[in-house]
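So for the sequence shown, my numbering puts the first residue at 1; every next one is plus one.
Don't take each hint at face value.
As the list claims (entries may be wrong) - 25 Å max Cα-Cα, derived DMTMM-like pairs, lysine to aspartate or glutamate:
no., residue 1, residue 2
1, LYS40, ASP81
2, LYS10, ASP102
3, LYS53, GLU43
4, LYS40, GLU103
5, LYS58, ASP12
6, LYS10, GLU126
7, LYS152, ASP2
8, LYS10, GLU24
9, LYS53, ASP83
10, LYS53, ASP22
11, LYS5, GLU156
12, LYS5, GLU155
13, LYS10, ASP23
14, LYS53, GLU24
15, LYS53, GLU120
16, LYS58, ASP2
17, LYS58, GLU126
18, LYS5, ASP22
19, LYS53, GLU156
20, LYS10, GLU103
21, LYS58, ASP116
22, LYS152, ASP12
23, LYS58, GLU156
24, LYS10, ASP64
25, LYS58, ASP23
26, LYS10, ASP22
27, LYS53, GLU103
28, LYS40, ASP83
29, LYS5, GLU24
30, LYS40, GLU126
31, LYS5, ASP102
32, LYS58, ASP102
Hints were generated in silico from the structure; no laboratory data involved.
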Amino acid sequence: MDAYKAVTTKRDTRLYSSEPIDDEVLRRVLQAGRMAGSAKNREPFRFVVIRDKEQMAKLAECGDFAQPLGPATAAVAVCLDPDGMDFDAGRAAQNMMIVAWDEGLASCPLRIHHADCGREVLGLPEGWHIAIVVALGHPQPGTPMSQDRARKPFEEYVSWERFGQSSP
Numbered sequence: 001m002d003a004y005k006a007v008t009t010k011r012d013t014r015l016y017s018s019e020p021i022d023d024e025v026l027r028r029v030l031q032a033g034r035m036a037g038s039a040k041n042r043e044p045f046r047f048v049v050i051r052d053k054e055q056m057a058k059l060a061e062c063g064d065f066a067q068p069l070g071p072a073t074a075a076v077a078v079c080l081d082p083d084g085m086d087f088d089a090g091r092a093a094q095n096m097m098i099v100a101w102d103e104g105l106a107s108c109p110l111r112i113h114h115a116d117c118g119r120e121v122l123g124l125p126e127g128w129h130i131a132i133v134v135a136l137g138h139p140q141p142g143t144p145m146s147q148d149r150a151r152k153p154f155e156e157y158v159s160w161e162r163f164g165q166s167s168p
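Given only the sequences and the hints, what does the whole structure look like? Please build it.
Okay, here's the thing in structure tokens:
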């Protein structure tokens with residue numbers, strides 16, 4: 001799949017089958033995250049891969065809307081060092097989700113609202129935090145994945161030269 005198609009057809013998905021994720025596929029997804037750029041090339045993020053259902057359930061308790069971790073077959077917590085910026089973590093997470101989609105996996109980004117809880121569950125060092133968690137899995141059969149979806153018109157998203165100014 002080309003990059004444009006991968007980006008424009010990827011959907012956040014909260015329903016997964018129980019089919020396990022192949023280790024090599026997961027490694028490619030993680031490598032895509034590792035290759036994300038970061039401010040001043042600091043590479044402030046590290047990934048914690050979670051496959052154990054009990055561990056995912058514990059982590060889900062740390063987020064107010066983290067229920068998609070339940071049916072996922074794996075999750076990747078993108079963790080930041082004390083000086084890391086969420087922007088960098090978002091770049092890594094998006095890389096992973098796009099490559100996951102290209103590999104036939106569905107994904108959903110999640111926020112861990114209770115930082116201390118997440119830090120404790122994953123055993124993060126002092127000062128580190130979970131910026132984002134990406135739930136992963138093969139899509140549950142019948143789940144719509146890449147159909148056209150309603151979006152606001154292009155002209156409503158894009159301004160030229162100044163906010164609210166339409167194209168020349």
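How the hints compare with the structure:
A threshold of 25 Å between alpha carbons decides the hint, and for LYS40 with ASP81 the separation of about 14 Å falls inside it, so the pair holds. For the proposed pair LYS10 and ASP102, the alpha carbon gap of about 9 Å is at most 25 Å, so the pair holds. This hinted pair does not check out: LYS53 and GLU43 have alpha carbons roughly 29 Å apart, beyond 25 Å. For a cut-off of 25 Å, the pair hint linking LYS40 to GLU103 is broken: about 30 Å separates their Cα positions.
A hinted pair counts as satisfied when its Cα atoms are at most 25 Å apart, and LYS58 with ASP12 qualifies at roughly 22 Å. Simply put, LYS10 and GLU126 have alpha-carbon atoms about 35 Å apart, too far for the 25 Å limit, and the pair is violated. The straight-line distance between the Cα atoms of LYS152 and ASP2 is roughly 24 Å, inside the 25 Å bound, and the hint therefore holds. Simply put, LYS10 and GLU24 have alpha-carbon atoms about 21 Å apart, close enough for the 25 Å limit, and the pair holds.
A distance of roughly 31 Å separates the Cα atoms of LYS53 and ASP83; the hinted pair therefore is violated under the 25 Å criterion. Of the pairs offered as hints, the one joining LYS53 and ASP22 holds, with about 17 Å between alpha carbons and a cut-off of 25 Å not exceeded. Simply put, LYS5 and GLU156 have alpha-carbon atoms about 22 Å apart, close enough for the 25 Å limit, and the pair holds. For the hint pairing LYS5 with GLU155, the CA-to-CA distance comes to about 21 Å; that is within 25 Å, so the pair holds.
Note on LYS10 and ASP23: the hinted pairing holds, with a Cα-Cα distance of about 22 Å set against a maximum of 25 Å. With a C-alpha separation of about 20 Å, the suggested pairing of LYS53 with GLU24 holds against the 25 Å cut-off. Our distance criterion of 25 Å between C-alpha atoms is met by LYS53 and GLU120, whose separation comes to about 17 Å. With a C-alpha separation of about 37 Å, the suggested pair LYS58 and ASP2 falls outside the 25 Å cut-off, and the hint is violated.
Between LYS58 and GLU126 the CA atoms are separated by roughly 19 Å; this keeps the pair inside 25 Å, and the hint holds. The hinted pair formed by LYS5 and ASP22 meets the criterion: a straight-line CA distance of about 23 Å does not exceed 25 Å. A C-alpha spacing of about 42 Å is found between LYS53 and GLU156, which places the hinted pair above 25 Å, so the restraint is violated. Pair hint LYS10 plus GLU103 holds up; C-alpha atoms about 11 Å apart against a cutoff of 25 Å.
A hinted pair counts as satisfied when its Cα atoms are at most 25 Å apart, and LYS58 with ASP116 qualifies at roughly 13 Å. Distance restraint check for LYS152 and ASP12: the Cα-Cα separation of roughly 17 Å lies within the 25 Å cut-off, and the hinted pair is therefore satisfied. Pair hint LYS58 plus GLU156 does not hold up; C-alpha atoms about 40 Å apart against a cutoff of 25 Å. For the given pair, LYS10 sits about 24 Å from ASP64 by alpha-carbon distance, which is consistent with the 25 Å threshold.
Using a Cα cut-off of 25 Å, the hinted pair LYS58 and ASP23 holds, with the two alpha carbons roughly 23 Å apart. Proposed proximity of LYS10 and ASP22 is supported: the alpha carbons are some 20 Å apart, at most 25 Å. Our distance criterion of 25 Å between C-alpha atoms is met by LYS53 and GLU103, whose separation comes to about 22 Å. Our distance criterion of 25 Å between C-alpha atoms is met by LYS40 and ASP83, whose separation comes to about 12 Å.
Between the alpha carbons of LYS5 and GLU24 the distance comes to roughly 23 Å, so the proposed pair stays at or under 25 Å and holds. A hinted pair counts as satisfied when its Cα atoms are at most 25 Å apart, and LYS40 with GLU126 qualifies at roughly 23 Å. Between LYS5 and ASP102, the direct Cα distance comes to roughly 9 Å. Compliance with the 25 Å bound is thereby established for this hinted pair. At roughly 29 Å between alpha-carbon atoms, LYS58 and ASP102 are farther apart than 25 Å, so this suggested pair is violated.
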